[in-house]
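Visitor: Let the sequences and hints guide you as you build the complete structure.
Chains as they are written, first to last, in my numbering: chain A, 1 to 336; chain B, 1 to 336; chain C, 1 to 336.
No lab work stands behind these hints, which were simulated from the structure alone. One or more of the hints may lead you astray.
Note that identical chains are pooled: a pair holds if it fits in a single copy or bridges any two copies.
Subject to a maximum C-alpha distance of 20 Å in a straight line, what follows is the list of computed SDA-like cross-link-like pairs (lysine to any residue) [claimed, not checked]:
(1) Lys60 - Ser238
(2) Lys60 - Leu122
(3) Lys54 - Gly93
(4) Lys54 - Leu122
(5) Lys23 - Glu58
(6) Lys60 - Gly93
(7) Lys44 - Lys172
(8) Lys172 - Leu122
(9) Lys335 - Gln57
(10) Lys133 - Glu283
(11) Lys53 - Ser66
(12) Lys335 - Ile55
(13) Lys229 - Pro219
(14) Lys44 - His64
(15) Lys23 - Gly146
(16) Lys60 - Ile336
(17) Lys23 - Ser66
(18) Lys23 - Arg59
(19) Lys54 - Ser66
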Amino acid sequence: MVSQRESRQTPQPKDFERIRNFKGADILSARQFDRENLSVVFEKTETMEGICKKIRQERKFADHLSGYRLATLFYDPSTRTRLSFETAMQNLGGLVISESNTQFSSAIKGELLEDTVRVVELFNTDIIVLRHKEVGSSRIAADAVGIPVINGGDGEGEHPTQALLDLYTIQKECKKIDGITVTMLGDLKYGRTVHSLAYLLSLYDVKINFVSPSFLRMPSDLVEELRRKGVKINEFTSLDEVTEDYDVLYFTRVQKERIKEKEIPAIAANLQGFDQLYALTPEIVAKSRAVIMHPLPRVREIPLEIDNFPQAAYFRQVQNGLYVRMALLGLVLGKI
Amino acid sequence: MVSQRESRQTPQPKDFERIRNFKGADILSARQFDRENLSVVFEKTETMEGICKKIRQERKFADHLSGYRLATLFYDPSTRTRLSFETAMQNLGGLVISESNTQFSSAIKGELLEDTVRVVELFNTDIIVLRHKEVGSSRIAADAVGIPVINGGDGEGEHPTQALLDLYTIQKECKKIDGITVTMLGDLKYGRTVHSLAYLLSLYDVKINFVSPSFLRMPSDLVEELRRKGVKINEFTSLDEVTEDYDVLYFTRVQKERIKEKEIPAIAANLQGFDQLYALTPEIVAKSRAVIMHPLPRVREIPLEIDNFPQAAYFRQVQNGLYVRMALLGLVLGKI
Amino acid sequence: MVSQRESRQTPQPKDFERIRNFKGADILSARQFDRENLSVVFEKTETMEGICKKIRQERKFADHLSGYRLATLFYDPSTRTRLSFETAMQNLGGLVISESNTQFSSAIKGELLEDTVRVVELFNTDIIVLRHKEVGSSRIAADAVGIPVINGGDGEGEHPTQALLDLYTIQKECKKIDGITVTMLGDLKYGRTVHSLAYLLSLYDVKINFVSPSFLRMPSDLVEELRRKGVKINEFTSLDEVTEDYDVLYFTRVQKERIKEKEIPAIAANLQGFDQLYALTPEIVAKSRAVIMHPLPRVREIPLEIDNFPQAAYFRQVQNGLYVRMALLGLVLGKI
Numbered sequence: 001m002v003s004q005r006e007s008r009q010t011p012q013p014k015d016f017e018r019i020r021n022f023k024g025a026d027i028l029s030a031r032q033f034d035r036e037n038l039s040v041v042f043e044k045t046e047t048m049e050g051i052c053k054k055i056r057q058e059r060k061f062a063d064h065l066s067g068y069r070l071a072t073l074f075y076d077p078s079t080r081t082r083l084s085f086e087t088a089m090q091n092l093g094g095l096v097i098s099e100s101n102t103q104f105s106s107a108i109k110g111e112l113l114e115d116t117v118r119v120v121e122l123f124n125t126d127i128i129v130l131r132h133k134e135v136g137s138s139r140i141a142a143d144a145v146g147i148p149v150i151n152g153g154d155g156e157g158e159h160p161t162q163a164l165l166d167l168y169t170i171q172k173e174c175k176k177i178d179g180i181t182v183t184m185l186g187d188l189k190y191g192r193t194v195h196s197l198a199y200l201l202s203l204y205d206v207k208i209n210f211v212s213p214s215f216l217r218m219p220s221d222l223v224e225e226l227r228r229k230g231v232k233i234n235e236f237t238s239l240d241e242v243t244e245d246y247d248v249l250y251f252t253r254v255q256k257e258r259i260k261e262k263e264i265p266a267i268a269a270n271l272q273g274f275d276q277l278y279a280l281t282p283e284i285v286a287k288s289r290a291v292i293m294h295p296l297p298r299v300r301e302i303p304l305e306i307d308n309f310p311q312a313a314y315f316r317q318v319q320n321g322l323y324v325r326m327a328l329l330g331l332v333l334g335k336i
Numbered sequence: 001m002v003s004q005r006e007s008r009q010t011p012q013p014k015d016f017e018r019i020r021n022f023k024g025a026d027i028l029s030a031r032q033f034d035r036e037n038l039s040v041v042f043e044k045t046e047t048m049e050g051i052c053k054k055i056r057q058e059r060k061f062a063d064h065l066s067g068y069r070l071a072t073l074f075y076d077p078s079t080r081t082r083l084s085f086e087t088a089m090q091n092l093g094g095l096v097i098s099e100s101n102t103q104f105s106s107a108i109k110g111e112l113l114e115d116t117v118r119v120v121e122l123f124n125t126d127i128i129v130l131r132h133k134e135v136g137s138s139r140i141a142a143d144a145v146g147i148p149v150i151n152g153g154d155g156e157g158e159h160p161t162q163a164l165l166d167l168y169t170i171q172k173e174c175k176k177i178d179g180i181t182v183t184m185l186g187d188l189k190y191g192r193t194v195h196s197l198a199y200l201l202s203l204y205d206v207k208i209n210f211v212s213p214s215f216l217r218m219p220s221d222l223v224e225e226l227r228r229k230g231v232k233i234n235e236f237t238s239l240d241e242v243t244e245d246y247d248v249l250y251f252t253r254v255q256k257e258r259i260k261e262k263e264i265p266a267i268a269a270n271l272q273g274f275d276q277l278y279a280l281t282p283e284i285v286a287k288s289r290a291v292i293m294h295p296l297p298r299v300r301e302i303p304l305e306i307d308n309f310p311q312a313a314y315f316r317q318v319q320n321g322l323y324v325r326m327a328l329l330g331l332v333l334g335k336i
Numbered sequence: 001m002v003s004q005r006e007s008r009q010t011p012q013p014k015d016f017e018r019i020r021n022f023k024g025a026d027i028l029s030a031r032q033f034d035r036e037n038l039s040v041v042f043e044k045t046e047t048m049e050g051i052c053k054k055i056r057q058e059r060k061f062a063d064h065l066s067g068y069r070l071a072t073l074f075y076d077p078s079t080r081t082r083l084s085f086e087t088a089m090q091n092l093g094g095l096v097i098s099e100s101n102t103q104f105s106s107a108i109k110g111e112l113l114e115d116t117v118r119v120v121e122l123f124n125t126d127i128i129v130l131r132h133k134e135v136g137s138s139r140i141a142a143d144a145v146g147i148p149v150i151n152g153g154d155g156e157g158e159h160p161t162q163a164l165l166d167l168y169t170i171q172k173e174c175k176k177i178d179g180i181t182v183t184m185l186g187d188l189k190y191g192r193t194v195h196s197l198a199y200l201l202s203l204y205d206v207k208i209n210f211v212s213p214s215f216l217r218m219p220s221d222l223v224e225e226l227r228r229k230g231v232k233i234n235e236f237t238s239l240d241e242v243t244e245d246y247d248v249l250y251f252t253r254v255q256k257e258r259i260k261e262k263e264i265p266a267i268a269a270n271l272q273g274f275d276q277l278y279a280l281t282p283e284i285v286a287k288s289r290a291v292i293m294h295p296l297p298r299v300r301e302i303p304l305e306i307d308n309f310p311q312a313a314y315f316r317q318v319q320n321g322l323y324v325r326m327a328l329l330g331l332v333l334g335k336i
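Guide: Written out as structure tokens, the structure is:
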């Protein structure tokens with residue numbers, strides 16, 4: 001219902017207040033986090049890792065969220081993110097209702113997102129995870145209901161739980177965040193993952209290398225913001241140019257569907273060579289001890305033979321994602 | 001399989017027998033209800049409201065339907081109705097299996113609806129909620145299986161649980177049904193909701209105002225039937241013409257997808273001005289103490305600013321829907 | 001990612017080793033079974049039948065798989081197979097996560113199947129049931145993860161749990177397998193069901209009649225293999241030609257969607273008369289005491305009036321399928 005929405009603005013970064021108390025909080029943006037509340041999330045994430053081990057050993061799910069209900073509303077499908085949240089809820093003893101088929105449902109009747117989430121709240125639902133193509137949609141949903149909303153990805157906007165699991169993985173793999181150098185490689189323009197992760201890294205004392213073709217560079221306003229916050233940044237167009245060693249090599253997938261949606265033929269034409277130029281080879285891996293990360297799904301950036309290298313951390317990222325999401329569900333429901 | 005179905009007739013109103021004993025009954029039509037069995041449903045619905053409060057306080061789901069399984073088969077998708085039934089089953093301790101993607105499944109292999117529901121019955125399923133585009137489909141399903149079938153909406157046919165929750169809401173908001181005046185406004189021709197609700201209201205001593213453009217009037221045979229049953233009916237083309245006060249103002253959404261399916265270009269052309277003519281304004285609300293109801297999803301009929309008026313009951317309808325569905329599941333399974 | 005897959009071959013029959021120990025085994029092909037391990041499955045299947053009866057009597061699900069999680073990944077939708085597995089898991093006390101909408105999900109981002117199943121394994125998942133259009137996909141999945149994978153149908157490849165439930169039904173209906181005669185009728189070329197069932201029957205002392213139009217004959221290499229194994233085979237083009245009595249009449253649906261995908265216009269043109277020629281009539285049923293089986297969904301092969309004949313076993317097949325799947329889940333998880 002466009003007319004009712006016209007007066008609304010896309011939420012600006014400054015709109016996101018730091019989380020001081022997780023109970024009842026919405027998780028909408030990486031910008032709600034600081035070192036203090038990140039340390040709370042990461043401490044609980046470790047606890048969740050222990051709970052998962054115990055579940056497998058004792059074959060008994062936990063009961064922290066017993067009597068609670070999660071609704072996963074995925075207007076923009078993502079098997080990985082949806083099943084990760086649903087598993088997290090099951091592991092803590094809660095129930096799930098789910099809609100992942102919304103292109104055929106209320107959405108086609110022109111229903112307002114606000115109405116959908118209000119209705120779901122009325123089904124004795126305690127928390128909503130929303131994924132939606134429209135930037136700012138999770139904020140709109142959060143404002144409409146009294147229960148916590150977690151942003152499971154809002155188009156080109158944010159995907160804060162991905163950023164949190166990325167940072168948690170870096171801390172776990174490198175044993176620290178302060179003092180490390182992170183090299184981010186690939187499509188840095190449209191990849192919301194690298195934007196949010198770069199923001200979180202700026203809360204620490206880090207160096208970042210951005211490696212991308214000129215037409216897919218990290219947005220300049222974000223680069224400036226990161227520099228103002230004290231991050232030492234270098235930009236390159238090829239990984240060969242990065243001569244100093246780094247601790248983390250973060251790959252991104254080319255967001256072809258987003259680039260296509262935006263009808264950027266010049267970029268689309270340039271993408272042909274991109275796959276080769278910004279792909280990982282066993283030679284690159286052999287040269288460096290850097291932890292290799294990727295938000296998945298990968299397409300051609302990382303060949304299968306890299307998976308067996310010990311520094312290939314992208315599947316450990318997935319596992320950490322489950323723990324982070326368990327921690328967030330428990331925290332915002334005030335039960336861990 | 002058209003040839004096997006040719007001999008079948010669309011179920012006629014007279015085909016629906018009154019429910020005398022809920023245990024094992026199919027819920028297919030509003031026409032199965034009379035004042036007596038409605039009072040049973042409404043009494044149990046109040047009990048369910050108490051159970052829901054207790055669930056939230058004690059964080060423990062009920063166990064009335066523990067060991068039972070519900071199958072939701074939604075050939076025609078509806079997030080609201082499906083999640084409402086699934087929540088109802090979870091609240092009472094039962095399990096759910098679900099298919100809401102059936103346009104891509106057995107349906108495309110030309111499978112008979114009878115076979116699908118028989119198969120689902122054989123999966124130790126205790127009750128089926130079916131939503132289907134075809135009028136009369138829930139009757140066909142109910143005839144094919146030995147377990148109860150609840151009609152979750154059969155195209156232009158019926159949506160009896162919506163009618164029940166509407167009537168329950170009226171009783172709860174007005175503290176009575178006998179003696180009230182209900183104004184129904186909008187698309188009264190294609191809106192199955194208003195047809196079923198008008199039928200249920202005819203079991204009581206009520207006045208009804210029908211307000212619609214001439215090309216979307218309440219079907220004349222239904223108007224005649226209601227009059228024969230003693231309902232005092234007035235028809236209008238604009239809400240301004242309704243001079244006497246009323247207790248309930250029931251809005252409907254224009255069923256654009258149904259009108260489009262039926263290829264009624266004359267009506268489609270007329271719909272442009274419809275949105276403005278049959279929309280609610282704060283001025284209309286301010287003039288009357290009438291309870292405002294809407295089956296949702298709304299499109300443009302009710303602006304968001306009306307939501308905060310105390311008489312705006314459409315979200316309370318949703319909540320009552322959960323209670324009504326819990327009551328029906330419990331009643332037909334003989335467990336409450 | 002075609003380039004990474006090019007070096008791979010479609011798994012060949014000889015690749016499938018016999019299952020000696022069910023715990024941890026993948027169920028990918030009927031060719032993993034011999035008389036010995038089939039007798040284990042069938043013994044456990046009978047146990048499961050008893051458990052299902054107890055569940056209905058006592059209204060309490062079993063707890064053999066309590067603390068375990070099944071993921072159903074249905075890239076190629078099938079309501080029947082998916083709900084059968086999910087019900088089986090629920091009956092034994094386990095939890096389910098599910099993706100049946102994968103045409104809109106990771107698949108469209110070009111994700112490798114290997115990556116998807118690895119990710120799902122990392123969600124504390126204990127077993128995966130995969131359905132996929134691509135032949136050999138379940139083998140690819142099984143090789144990628146450390147947890148058991150059950151093939152829920154891989155295109156024209158195999159659907160081993162269907163073959164197992166078919167054989168179990170034959171044993172139950174005929175009280176034996178050795179010594180019986182089975183007549184298979186319909187599309188014997190593209191029907192994976194009849195291929196797998198014929199293979200399993202070849203482990204016993206049986207006669208098989210194949211009845212099909214010449215352009216939909218059982219593949220000659222399979223016929224030869226069966227003959228080498230000692231099966232007495234006769235081929236016909238019409239059921240009228242089968243003069244000797246038989247114990248089982250196994251019907252198949254014409255796989256029109258597969259024939260269409262393969263663009264075989266000559267066959268498609270011939271199919272017009274097929275429906276009449278290879279359909280069952282009450283006269284055929286009246287002439288024989290043979291058990292009538294069909295993998296469902298039927299289209300026009302079996303008229304509804306046959307359903308009430310006592311020898312119509314196709315709905316009992318469905319019910320046996322639930323028991324067989326419960327047995328397999330319990331066996332490969334080492335809990336029954």
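Visitor: Indicate which option fits the pair Lys23, Arg59 if close means a Cα-Cα distance not exceeding 20 Å: within, between, both or neither.
Guide: between (29 Å within a copy, 16 Å between copies)
Visitor: At most 20 Å between alpha carbons: which applies to Lys229 and Pro219, within, between, both or neither?
Guide: within (16 Å within a copy, 68 Å between copies)
Visitor: Checking an output row: Lys60 and Gly93, CA cutoff 20 Å. Within, between, both or neither?
Guide: both (10 Å within a copy, 11 Å between copies)
Visitor: For Lys54 vs Gly93, is the C-alpha pair at or below 20 Å within one copy, between two copies, both, or neither?
Guide: Both: 14 Å inside a copy, 18 Å across copies.
Visitor: Using 20 Å as the alpha-carbon threshold, which applies to Lys133 and Glu283: within, between, both, or neither?
Guide: Classified as neither; 38 Å inside a copy, 36 Å across copies.
Visitor: Since the copies are identical, ignore which copy is meant and state whether Lys335 and Gln57 lie within 20 Å (CA to CA) inside a copy, between copies, both or neither.
Guide: between (23 Å within a copy, 14 Å between copies)
Visitor: Evaluate Lys53 and Ser66 at a C-alpha cut-off of 20 Å and name the case that applies: within, between, both or neither.
Guide: Classified as both: same-chain Cα gap 19 Å, cross-chain 16 Å, threshold 20 Å.
Visitor: At most 20 Å between alpha carbons: which applies to Lys60 and Ser238, within, between, both or neither?
Guide: neither (49 Å within a copy, 57 Å between copies)
Visitor: Indicate which option fits the pair Lys44, His64 if close means a Cα-Cα distance not exceeding 20 Å: within, between, both or neither.
Guide: within (13 Å within a copy, 31 Å between copies)
Visitor: Regarding Lys23 and Ser66, is the shortest C-alpha distance of 20 Å or less found within a copy, between copies, in both, or in neither?
Guide: within (17 Å within a copy, 30 Å between copies)
Visitor: From the Cα coordinates, with 20 Å as the cut-off, is the pair Lys54 and Ser66 best called within, between, both, or neither?
Guide: both (17 Å within a copy, 14 Å between copies)
Visitor: As a check of your reading, is Lys54 near Leu122 (CA-CA no more than 20 Å) within one copy, between copies, both or neither?
Guide: Classified as between; 15 Å across copies, 34 Å inside a copy.
Hint compliance for this structure: hints 1, 10 are broken, all remaining hints hold.
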